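Construct all of the structure, not just a fragment, from the sequences and the given hints.
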Amino acid sequence: MAQNEPPDSVDILLKLKVGIEVAGPAIYFTDKNNLSIEGYFSADLNERRALYFSGGYSDFKYSQYNYSYISKGFYVKAGVDFNLLKPATGMGKYWAGIGLHYGLSSFISETPFLKYENYWGTTSSSIARKTDWGHYLEASPGFRAEIFRNFNIGWSISLRKLIYTGTGKDLKPIFIPGYGSANKSFSTGISYYLMWSIPYKKIRVTVKEEPPSETGEQEEP
Amino acid sequence: MKYSLLKILLVFFTGEFLFMISCTQEACFDETNAYLKASFYLYSTQKPLAPDSLTLYGTGRDTSKIYNKTPSTKQALIPLNSSAGSCCFIVRINGVSDTLSIWYTSYPHLLSQECGYTYFHTLDSVAVTKNIVDTLTVQLYAVTTLNGENIRIYY
Chain A
1 MAQNEPPDSV DILLKLKVGI EVAGPAIYFT DKNNLSIEGY FSADLNERRA LYFSGGYSDF
61 KYSQYNYSYI SKGFYVKAGV DFNLLKPATG MGKYWAGIGL HYGLSSFISE TPFLKYENYW
121 GTTSSSIARK TDWGHYLEAS PGFRAEIFRN FNIGWSISLR KLIYTGTGKD LKPIFIPGYG
181 SANKSFSTGI SYYLMWSIPY KKIRVTVKEE PPSETGEQEE P
Chain B
222 MKYSLLKILL VFFTGEFLFM ISCTQEACFD ETNAYLKASF YLYSTQKPLA PDSLTLYGTG
282 RDTSKIYNKT PSTKQALIPL NSSAGSCCFI VRINGVSDTL SIWYTSYPHL LSQECGYTYF
342 HTLDSVAVTK NIVDTLTVQL YAVTTLNGEN IRIYY
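Residue numbers (our numbering), protein chains in the order written: chain A, 1 to 221; chain B, 222 to 376.
By construction, these hints were calculated from the structure, which means they are not laboratory data. Here the structure is a predicted model, which means the values were calculated and not measured. Check each hint, because a few of them may be wrong.
[Unchecked claim] No more than 25 Å apart at the CA atoms, straight line, and that leaves these computed lysine to any residue pairs for SDA-like:
no., chain 1, residue 1, chain 2, residue 2
1, A, K61, B, P329
2, A, K169, B, K290
3, B, K290, A, N118
4, A, K172, B, Y256
5, A, K172, B, L367
6, A, K32, B, S333
7, A, K61, B, C336
8, A, K61, B, Q334
9, A, K72, A, G168
10, A, K115, B, S327
11, A, K169, B, K258
[Stated by the list, open to error] Computed footprint of chain B on chain A; a stretch qualifies when at least three of its residues, placed anywhere within it, have a C-beta under 8 Å from a C-beta of chain B:
no., segment
12, 62-68
13, 111-122
14, 170-179
Cβ coordinates follow ideal geometry from the N, Cα and C atoms, glycine included.
Right, here's the structure in full:
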């Protein structure tokens, strides 16, 4: 195969991407108490940045010997995704970077049953259904790749910081849609995406020449 | 640079591994009971002094003692009844009995997903007979799972 000269510029297709998160439905097949459905949309602003928007629905149930808990509701996230790959590497097909998002959830929570035991015996009670809001920030490093024409797969890790729930310190939510386990003010998760992309604009990006390497390494064809 | 399908799959399954290790359920290691913490002081010196013997039980529950002639108890952990607004206890210090009455309000508190709920309390008032106890003071009105000193019993 002939060695190509490195190009001075590359053409990048800016795309609109629409996708679905598939880990949530996959988990639901093994755990019927945890349903999460999420849709995803992004629009490339340039070869580095893309606007990000996602929304979803979550229905979480949990039960153990001393209480049961229900949380369900909708959430939206918005922010910017940054591609850290060089344009000549990504070519508009590969993405390795980080997304910075703001998340907002509106959810209802209820504790239909709780049991507390001590010296005086057993107290059984419940906590009525109420509506709350959850606000959080999310950093999502990850990878995406176009495996077929205009079809992408990818995954991202989510590192989330809870900002505000408005529930008070005694009856904090156990689970916030879009945020996950609210035990702590910091949560993690991972998402798998299937995405369809629609090219809407072609831009030409100048590729900066790197200083010549002393070792004279040759790039693989 | 051309990415091979193998590299893409490697990236994909690395993510799956991270997902699997992120789903570990934890156990409950927290304190799940909110006790009223009562410290014992010698009235004549106003300094902490554990009784030689402490017996404590709820009135009408003398067959179920919380402390039974227990020596050297610096701080007694007294469970409150979350189904009632008040509790009475028999406190026997060095063989002499008094009755301790406590009025409070209770409310549920989520400890964690693993531990579930407990009940916290806010003290309204306390009273004690004065056979061996001289005075009783409230130091902290919030009865929670945190360490602290809710009342002082001077004897």
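**OP:** Check each numbered hint against the structure and report the violated ones by number, ascending.
**Re:** 2
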